[in-house]
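All chains should be built: construct the whole structure from the sequences, respecting the hints.
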Amino acid sequence: MSGPATPLSVLASRCEEERACIRKAFENRAGAKKTLLALCELADRNLQQVFKDVLKLHDSKAEGFSLLALGGYGRRMLFPYSDLDILFLFANEKVEEEFRPLISEFSRTMWDLGFRVSSAGRTIEECKRIEEDNAEFHLALLDRRFLDGDQGLFEKLDQRILPPSERQARPFLFLQLHRLTKERLTRYGNTIFHLEPNVKEAPGGLRDYQAAYWLRQILGDRKDLRGSSAAEEQLAADAVEFLSSIRCFLHYSNARNDNALTYELQAMAAVKSLGVTDGIERSAAEWMRIYFRHARTLNRQLLRYLDQKMAGPMSFKERFFSAARSVAKTEPPASGDFAVRGGQIEILNQQALSDRRVMYSLFVEAARTGTPLAPQAERSISYIMTHSELPVLNQAIEWDTLKEILAGDFPGVALRPMHRLGLLMEILPEFRVIDSLVVRDFYHRYTVDEHSLRTIEHLQELADPPDERGVSFAPLWRTLDRRDLLIFSLLLHDAGKGMPIENHVTGSLEALESAAERLELSPEEQAEVHFLIEQHLAMSATVQRRDIFDPAIVSGFAENVGTLERLQRLTLLTYADIHAVNPEALTPWKAEMLWQLFVATSNHFSRTLDRNRLHASDEKSMLEQVRALAKGANTADIERFLEGFPRRYLAVHSAAEIARHFAMYQKLSVSSLQTELTPERHGFSLTLLTADRPALFSTISGVLASWGMNIIKADAFANAAGVVLDTFHFSDLHRTLELNPTETQRFMKSLHDVLQNKAALEPLLESRDSASRARPPKIAVQTRLSFDDSASAHSTLLEVIVQDRPGLLYDMGSALARLACNIEVALIDTEGQKAIDVFYLTSQGKKLTAQKQDLLREVLQGTLG
Amino acid sequence: MMKVEAIIQPSRFESVKDALREAGIEGMTVTEVRGHGRQKGHTEVYRGREYTVDLLPKIKLEVVLPDKLVDLVVDTILKTAKTGKIGDGKIFLTRVDEAIRIRNEERGESAL
Numbered sequence: 001m002s003g004p005a006t007p008l009s010v011l012a013s014r015c016e017e018e019r020a021c022i023r024k025a026f027e028n029r030a031g032a033k034k035t036l037l038a039l040c041e042l043a044d045r046n047l048q049q050v051f052k053d054v055l056k057l058h059d060s061k062a063e064g065f066s067l068l069a070l071g072g073y074g075r076r077m078l079f080p081y082s083d084l085d086i087l088f089l090f091a092n093e094k095v096e097e098e099f100r101p102l103i104s105e106f107s108r109t110m111w112d113l114g115f116r117v118s119s120a121g122r123t124i125e126e127c128k129r130i131e132e133d134n135a136e137f138h139l140a141l142l143d144r145r146f147l148d149g150d151q152g153l154f155e156k157l158d159q160r161i162l163p164p165s166e167r168q169a170r171p172f173l174f175l176q177l178h179r180l181t182k183e184r185l186t187r188y189g190n191t192i193f194h195l196e197p198n199v200k201e202a203p204g205g206l207r208d209y210q211a212a213y214w215l216r217q218i219l220g221d222r223k224d225l226r227g228s229s230a231a232e233e234q235l236a237a238d239a240v241e242f243l244s245s246i247r248c249f250l251h252y253s254n255a256r257n258d259n260a261l262t263y264e265l266q267a268m269a270a271v272k273s274l275g276v277t278d279g280i281e282r283s284a285a286e287w288m289r290i291y292f293r294h295a296r297t298l299n300r301q302l303l304r305y306l307d308q309k310m311a312g313p314m315s316f317k318e319r320f321f322s323a324a325r326s327v328a329k330t331e332p333p334a335s336g337d338f339a340v341r342g343g344q345i346e347i348l349n350q351q352a353l354s355d356r357r358v359m360y361s362l363f364v365e366a367a368r369t370g371t372p373l374a375p376q377a378e379r380s381i382s383y384i385m386t387h388s389e390l391p392v393l394n395q396a397i398e399w400d401t402l403k404e405i406l407a408g409d410f411p412g413v414a415l416r417p418m419h420r421l422g423l424l425m426e427i428l429p430e431f432r433v434i435d436s437l438v439v440r441d442f443y444h445r446y447t448v449d450e451h452s453l454r455t456i457e458h459l460q461e462l463a464d465p466p467d468e469r470g471v472s473f474a475p476l477w478r479t480l481d482r483r484d485l486l487i488f489s490l491l492l493h494d495a496g497k498g499m500p501i502e503n504h505v506t507g508s509l510e511a512l513e514s515a516a517e518r519l520e521l522s523p524e525e526q527a528e529v530h531f532l533i534e535q536h537l538a539m540s541a542t543v544q545r546r547d548i549f550d551p552a553i554v555s556g557f558a559e560n561v562g563t564l565e566r567l568q569r570l571t572l573l574t575y576a577d578i579h580a581v582n583p584e585a586l587t588p589w590k591a592e593m594l595w596q597l598f599v600a601t602s603n604h605f606s607r608t609l610d611r612n613r614l615h616a617s618d619e620k621s622m623l624e625q626v627r628a629l630a631k632g633a634n635t636a637d638i639e640r641f642l643e644g645f646p647r648r649y650l651a652v653h654s655a656a657e658i659a660r661h662f663a664m665y666q667k668l669s670v671s672s673l674q675t676e677l678t679p680e681r682h683g684f685s686l687t688l689l690t691a692d693r694p695a696l697f698s699t700i701s702g703v704l705a706s707w708g709m710n711i712i713k714a715d716a717f718a719n720a721a722g723v724v725l726d727t728f729h730f731s732d733l734h735r736t737l738e739l740n741p742t743e744t745q746r747f748m749k750s751l752h753d754v755l756q757n758k759a760a761l762e763p764l765l766e767s768r769d770s771a772s773r774a775r776p777p778k779i780a781v782q783t784r785l786s787f788d789d790s791a792s793a794h795s796t797l798l799e800v801i802v803q804d805r806p807g808l809l810y811d812m813g814s815a816l817a818r819l820a821c822n823i824e825v826a827l828i829d830t831e832g833q834k835a836i837d838v839f840y841l842t843s844q845g846k847k848l849t850a851q852k853q854d855l856l857r858e859v860l861q862g863t864l865g
Numbered sequence: 866m867m868k869v870e871a872i873i874q875p876s877r878f879e880s881v882k883d884a885l886r887e888a889g890i891e892g893m894t895v896t897e898v899r900g901h902g903r904q905k906g907h908t909e910v911y912r913g914r915e916y917t918v919d920l921l922p923k924i925k926l927e928v929v930l931p932d933k934l935v936d937l938v939v940d941t942i943l944k945t946a947k948t949g950k951i952g953d954g955k956i957f958l959t960r961v962d963e964a965i966r967i968r969n970e971e972r973g974e975s976a977l
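Residue numbers (the numbering used here), protein chains in the order written: chain A, 1 to 865; chain B, 866 to 977.
Misleading hints may appear alongside valid ones.
On the chain B side, residues computed to face chain A include the following (Cβ under 10 Å) [said to hold, decoys possible]:
| no. | residue |
| --- | --- |
| 1 | Ser880 |
| 2 | Glu897 |
| 3 | Pro931 |
| 4 | Lys950 |
For the record, the hints were derived by calculation from the structure and aren't laboratory data. For every residue, glycine included, the Cβ atom is placed at its ideal position computed from N, Cα and C.
Here's what the structure looks like:
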């Protein structure tokens, strides 16, 4: 082949020199914008020169043939080592045929000059048609720029051909860009907070800016589209400049189009103060916080455009669901400060937001229902949060309010925007140290704050597990008591990673101490969160480093955990903590190992309940606490009360509760039956103290059933002196007690009368019976009865799994009483429509004989069905 | 060159890894696997649901070595992975014809 008119070697060396100059200028802080423009002009000049030379060589004129720059190159943002996106535009197919040999020579020459040409060829007619499988081309065409050739042809395309077809194609382009962007964001876990982010493709990267730019062009003249403020535009421009600097730096450092901001390059960028002009020296972690701030700006801008919808009438289905949603969810609170519309929480009264209590109530609603805040609502809150001069009312959040957010079914739906808006750090300043914090770790993929929020979102997903790993854990999440404590632990479990401290757990516990004091957690609440944070690695370590099939290991682990309730919380915390490390960290293998350890430990608890009895004199500290709370009561009396209770009693009741029980115990000499009814979040709890007697448990269950109360949980313990302490947690199915306060007295009187043989139970039960038993169950549970003689030295363990229904416990208790089986300990639990009851039984002070077990099985099967 | 493939108890993995590192073995491939030999699984019942673990969790560890190091590695694994109980696992040895380092196409033992 003969060479172009200007010798290639001359062009090539000139190119190299100019590239070196541009790089040097960049390294001397010329700025990204200037660098990109200089690279673009270098490419333009060479491309025009080569084009001219090739035409000359072929003795051709560019009639009906032009050269266009597309995409980033079209926008004059050409990065070092990036491709030149070029379109060869032809007037018709004949011209295309004529110029084909010239094109291949042109591309080869450009390549030899060090330019990576990525080209496409279209006739002007082809540009009119929408290529449905090539949305990328049409999007790149939005950035078209004339380079060389037939200018008239370009103007025809630019001003006459494309404008009408692009207007027509807007819905298609919007949908395609929406789809491509969502796919890209999903590939990166929908978060900007990657430890080693890809500055082009990851959320918050330059592709976000580009997509937002295109969306703005597509949505362009929509009147309802809210534009960005000048301040937001400036923030976005600064972010583009910062990220472009990083991308130039990465390409130069790697000598290729590689956009991964690795730990090593983060450290180098921080040393150079890349993209920062304030002259302050920063560590890599601090410099990365600047990166995340800019990435957040670009990502937020993109999401705002992505949330827009192409105008068009709603389909019948959309109208129907929109109406149904508003009926189901639009229940504005009495104050009328916000409402749910179109599946989002909208603010009705902007002024009310100056009262933080109103602002918090939005997030309580989001956590309760899973309804996200509307973008406009977030912008309003953001405005308030970033204007400290505005008046604020009730800034300090109360623990009760925060608890409501944490205990909701969708805590992540509230906590994520709270963090995005800076509200989380305002109410929980201990979280600030891990904001956008990069901690170098081979396994972790996200910043520490992002990891913490993801743990919470992974738990939230358990309401409807997205894959098999969560299936076993889902019932634990659904039935967990005090979720707020678990979620609070997750927010703080890694706070120590942001502190200059060797063991991050120590730091996290310090963070808890300060937060607990400010928020006024009770000592029991603080102790529970303390345990979860302190032990947050224990279960994972046991799963990975111990033989979880060894009973001694399980026993040791159970002893460390203490109670079933703690085990449930720790299991969920461990599940979430591993899951949030990176998308692959929780392998099905690990999930199964974790579940096996949970099951083995849970079974260990229920099978050793009767074995571990309290020797009150050993519990010095507890005795002291109870004595202090019981206003100087006699220690010997407290010891007598506690002696012989299963150890679980101590584990599940606080010192204050034990002191209350003790006060009831002291009154037994006045009245042989002591009761206490306390309202709870989902119903009531009834505590009852009396001397043990046959059929006591079933009688109490019967009274509750006769009043339409559904027992959710219960336990029955007896001390060495035969004093029984029964606790029943029940829901008031017909809201009898809640709606009729006077009925509480009647209910308690009825309970006392039946237990003191002043009234019969049967007539009360008959009135309830027929109605409550008629309802068919939603999920059929197969009855399962199992006896275990090895679990306890003196009792037989009976485990019953059965379909839950009102009056069930009464029926079971009555059957046990009829066969003269004494309940030594009982643990009653429900999981949806499944009742899971464990009884430790004796008959005449001994274990049940094999014949008695057979008889009991037969009777219970007849009763339970 | 030989490939040493050891199937061990997950609980012994950290100790084996540390012992191999102390013995100068730097590289290894580790996989979470399930399986059983003579050790059969077991059934655990939780809330009326049976969880049968017939394929037990194990760790598979693979190391390719020059012949002279094979005995050292096998001894190290034996010493650290053994608990004496059924289920301790197995070690398999396979001859390897060639090793190639992808980065620089180095071949043979120097590529290990």
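*Structure versus earlier hints, numbers of those that do not hold, lowest first*: 3
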